[in-house]
Amino acid sequence: MDKDSIRFSPAEQTALKRADSHKNPRRKSKRNPGRSMFIALYLAPALILYAVFVVWPLIQAFQFSMYRWSGLSNQSTMIGLDNFRALAHDDHFWNALKHNIWLEIVIGVLVVILSLVVAHALIAKGSSVKWLRGVILFPQMMSLIVVAILWMFIYNPQFGLLNAIFGALHMPGDQKTWLGKPDTALAAVGIAFAWYAVGFYAMLFAAGLSGIPAEVNEAAELDGAVGLQKFFKVTWANLWAMKRIVAVHLTITVLNVFVLVFIMTSGGPDRATDVLLTYLYERAFTDSNFGYATAIAVANFAVAMVLTLIILKAIGRDPTEARDFKRLKT
Amino acid sequence: MFISSIKPGYEIVSSPWSLPNPVHLINYSKAWNENGLGHAFTNSILICVGALIILLPAGAMAAYVLARYPFKGSQIIFGTFLGGMMFPFFLVMVPLFFLMTQIHLFDTKIGLILVYVGFSLSFTVFVLTGFFQTLPNELAEAAMLDGCNDHATFWKVMLPLAKPGILVVGVFNAIGLWNEYGLALVLMPSPQNRTLPLGIANLASTQQYGSDWGALFAGLVIAVVPVLAVYWLFRNEIHRTMMAGALKG
Amino acid sequence: MSSISKFQLSCKFLLPILVVIPMAISCAPGGGSTNSTSASELSGTEPAKGKIEVVAFKGGYGIDFYQQAAKDFQAKNSGVSVTVTGDPHVWEQLRPRMVAGDPPDLMYPGWGLDHWKLADEGQIYTLDKALDSPAYDGQGTWGSTFEPSILKLGQKDGKQYVLPYFFNLQGMWFDPGVFAKHGWKIPATFDGLLTLCNQIKAAGIAPLTFQGKYPYYLIENMIIPWIQDIGGIEAVNDLQNLTPGAWKSPAVLQAVTMIDTLNKQGDFLKGSVGLTHTEAQTAFLQGRAAMIPCGTWLHSEMSATMPPGAQMQYFLPPMVTGGKGDPSAIAISIEPWMIPTKAKNPGGGIAFFKYLTSLDEAKKFVIQKATLMSIKGSDQVQLPPTLVEPARLFHASKTIYSYIARQWYPAQETEIENALTSMLNQELTPRQFCDRAEAAADKTRNDATITKHHLS
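Top line first, the protein sequences correspond to chains A, B and C.
Counting in our numbering, the first sequence runs from 1 upward without gaps.
Counting in our numbering, the second sequence runs from 331 upward without gaps.
Counting in our numbering, the third sequence runs from 580 upward without gaps.
Derived from the structure by calculation, the hints contain no laboratory data.
Since we're looking at a predicted model, the values are computed, not measured.
Glycine included, each C-beta is placed from N, C-alpha and C at the ideal position.
Incorrect hints may have been included.
[Said to hold, decoys possible] Calculated pairs, EDC-like style, for lysine to aspartate or glutamate (alpha carbon to alpha carbon, straight line, at most 16 Å):
| # | chain 1 | residue 1 | chain 2 | residue 2 |
| --- | --- | --- | --- | --- |
| 1 | C | K827 | C | E1017 |
| 2 | A | K181 | C | E1006 |
| 3 | C | K923 | C | E625 |
| 4 | C | K650 | C | E625 |
| 5 | C | K1022 | A | D90 |
| 6 | C | K843 | C | E1006 |
| 7 | C | K708 | C | E625 |
| 8 | B | K486 | B | E471 |
| 9 | A | K181 | C | E996 |
| 10 | A | K98 | A | D183 |
| 11 | C | K731 | C | D707 |
| 12 | C | K1022 | A | D91 |
[Claimed, not checked] Far from chain C by the CB rule (all over 12 Å, computed), these chain B residues:
| # | residue |
| --- | --- |
| 13 | G380 |
| 14 | V424 |
| 15 | Q432 |
| 16 | N467 |
| 17 | W485 |
| 18 | K493 |
| 19 | P556 |
[Unchecked claim] Reference excerpt, derived from the structure (chain A facing chain C, CB under 10 Å, subset only):
| # | residue |
| --- | --- |
| 20 | I154 |
| 21 | N156 |
| 22 | A185 |
| 23 | W195 |
| 24 | N217 |
| 25 | S266 |
| 26 | G268 |
| 27 | D287 |
Take the sequences, apply the hints, and build the full model.
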C-alpha cells in the first residue's frame, strides 16, 4: 500500500525492500493508474533528451571499436575484436593505465585527506572560516584549461612561482624542470589536479560532517574519545554515505583526467604522464586510428565500472540504519 | 592573472610578478572588440541561461520521480544517468555531429543548448535524486491528505522545498557550461555563434602565433569574472545547502 | 547507494544487448571500398561560378589575407560568392565534415588533419591535370608558376595531392646585436660552434635553447640537417624511405651524438626540455639564450612580445668537417592546400586558389606576412629584414628537401620524439636512441595497415 510505504524513511524503505524483495508488490499501477502517467510524464523530458543526445551517440561510438576506421572519412573495415586483442598486448596502453592507477591511489588519498581536513575547518565556528568558505571553491570556478595554464606558469623553470620560492629559501632544486623530467612530471600534474579538486570534495565532506547528529558526537566525547581517535572510531563510520559519493566521483574523475595532462605535458616526457585519455586522443587524432581509440574508451569504461563496483562493495551499508529501525519498533 | 591583463605584452614575460607600468587597459577593449569576445560573451550567456531553463525543471522532475516513486526499472534508469558521467566526450563527437546535421540543428544555438542539457542531466539527476530522497515525507503526505494530486504536491510543496538544492546544482552546471569547450568547438563552428571559451581559445592560439599576452589575460579575466560574480552572489545559499546535509545519499 | 550497485548488475546484461541490436540497424560507418584515386580529375579550366567555400587554418598568418582576396575575387567575377572561414583548431571542425561527406571546396586544414590519409582514402583530388591548365594570368601552365622543388613536396607516388602556398625554411637564429656587442661570429663548422658555446657561457648566457615540449623543432632544424651534412641527402632519404638500418647509420649516430655533446656540456639553457615554443623563443629574445632552432615563422610569431632592441637573423646549422653532404642544402616545409572529392564546387575552389597563387597576390602575401611563398618570383619585392637571409640562401641552394616522413608516419614520429626527450633527459645514450628509432621504423615497416610512401 502506498500510504504504508511512505511512512518509512528512505533508509528504512531500502532495508525493507532488501529483506522482502520478492514480496513487494508493484506500487505502480495497482492502486493509482494516474500515478504511472505521472511518473512517465515527469521522466519523459529528461529521459528523451538524454537518450537522443547522449545514449544514442554513445552506443554508436562504442560500435566503432569493432572497426578499423581512420576517423577521416566514412571508409571502414569490420575487424571484430582485433582492436581489443591488440590492446591487450599494447605496452603504451598498460603504461597509461598504470599512471591512472597511480594517480587514483596517491592523489586520491591525498585529496581525501586534504578534503577531510578542510571540511573540519569549514564547519568550525569563527569569522576566519568565512574567508575559507569564500575561497575554497575558487579553483573549481575556472575552466580546466585555465588551471592547466596557471600551473604551467607556476612550474615554469625560468620564472615560475615554485622555483622562485625554492630559490628564495635557498632550497636545493631551484631551476628544476618539474614538468619536463619523468620522475617529477606525474606528481606535478597530480598536485595541480588536487588543488583543483579539493574544494569540491571538502564541501561534500563538510555536508556529511554536519549531517552527523550532535548526539553521536557528544556520546563519543563522553566516552572519552578525542581528536584523531574520535575521528577514526566515530566520524569516519558515520560518513559512510558521503564516503561512497566522494569515492565514486573521485575515482571516475581521476580515471577520466585529460585536460590537465594534455595541456601541461601532452603525456610526456616520453610517456611519463601518459594516461588513458591522452593515449586515446593520440591514437584517434595523431595516428588517425579512431577504431582503436574507441576500443581504449570501451576499456576505460569497463575499468570505471569495475572500480565503482569494488568501491561500493568495500564501503558498506548505512550503520545507522539498524538503529533507526530499532527506534521505530519501540 | 588580473595584474597581467593590464600590462603591455612584453612586460608580462619579462617581469611577470611586478605591477604594471604603464597600465594598459587597452588590452580589455582589444579583447572585447577586435577578437570578438564581446559577441562570444553574449552567446555564452544566452546558451547557459537557455540550457538551465530546460535542464533544471526536466532534471528536477525526473529526479523527483526516481527518488520517491520507485518502480521496476527505475534503478536502471538512474544508473543510465549515472553512466553518462563515465566517458570522455570526444568519443561521441562524430556520432553527435551526424545526429545534429540530420536533425538540422547543427551550428544552431538551440542545438547546442539541447546537447548541453543532455550531457548535464547525469550530474543534475544524480545530485537532485539524493536531495529529494532526504526531504521529509510528512509534508508530501500532508499535501496528499489535503487533496493535492501528485502534480500539485510536486509543484506546490516539494519543489519549493528543494530550492536550495536546485540552486546549487544550477550554479555548478552554469559554471561547467560557461567553461565548456569541446562540444561547442565541434557543433558551433561559425564565428558568430562562438561561445566564450571558443573565443578565448581563438585568442590564445592566435596569441601563440602573435604573442599578444595582454589581450589573452584580459580575455581570461572577462571569462572568469561572471563566474566569480555568480558564485559570490550565491555563496551563502551554496554553503547553507551543503552544510544542511542536503547531499546525504 | 544501492541504486548504483543495481545499475552495475543490470548493465552487465543491458550493455551487450544495447551494442548488438543497434549495430544491425544503425548508420555506423559504411564499409566502403577503398578508392585511392577519384575517377574524374579536375580540369582546372572551369570558370568560377556560384558559391565557393574556403576553410583555412587560422594560425600566425591569420585568415584576413584570404578573406580580402575573396572580396577582390568576387569583385572580379560576377555571380560568384566566396566565403572564407577559419579557426586555430579548424581540423576539429573539418574532421566530422569529412566523415559526413560535406567538406568545403578548398581547404587548408593546418597540421591537425592527416592529409596523406585523406589521399589514401580518396578524399582529395589529384591535381596534376589542373596544374597543366593555364595559370591565372594566362602565362604558361599553373604548375609552372610554382617552384618545382616545393611543388614536389605535395606529391605521393608521383601524383599531386596537395599544393603549397607559403613555405617555411628550417634553420637557426641568433641576435646580430648581441653577437656584435660581444664580438661573436656565427661559426662555419661544428667544432667552431663548440668553441663559440664556451665563449658564450663565459659571458653568463646560455648558448642555445630549444622548444623541448615539441622535439620536432630540434629534429627538423638541427638533427636532420646534420644528418644530411654528414651522410648526404641519401642518408635522409633512407630514413624517409624506411630503409632497414637507416636509423643506425653512422650519419644518424654522429648527428645525434652532436646534440648529446651540446647537452652534456651544458650548452642548452637549463630547463629547455620542458619549454613550449613561445617560452623557449621568448628566452632567446630576452637574451637568456644566444641561439635557437626555428622555422622562418619566428618573427611573425614573436613580434608582439619582442623586447625593444631585440633582433633576429637566420643561419644554417654549422657544417661538420668532412661531411658528404651539400653545404648549401636547406630543409623546408610546406602547408598543404587541397580540394576534397566530395566538395560541391571543386572547380570554384581551384579557380579561387589559382587567384590566390597568382604572382600579384603572392607578392602581397610576402610583404604583409613576412614569409616566403612557393610562387616563382614572389620574393622580388622589398623583403622584410628577417626574410633577406633566408631568401638569399634559398636561391643559392642546390638541394631543397623536406623531412616529410614526419607526416607520413605519425606514430613512428611520436616514438622518435619521445626517445629524443629521454636522451635529452640523459636517460638514453645516443646509441640507445638510434636503437629505439630503428625499432619504431621496424614496426612501421612490418605494419601492413600503414600506407608506405616513397621518395622518388
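>> Checking each numbered hint in turn, tell me which of them this model violates, lowest number first.
In response: Of the numbered hints, 4, 14, 15, 20, 23, 24 do not hold.
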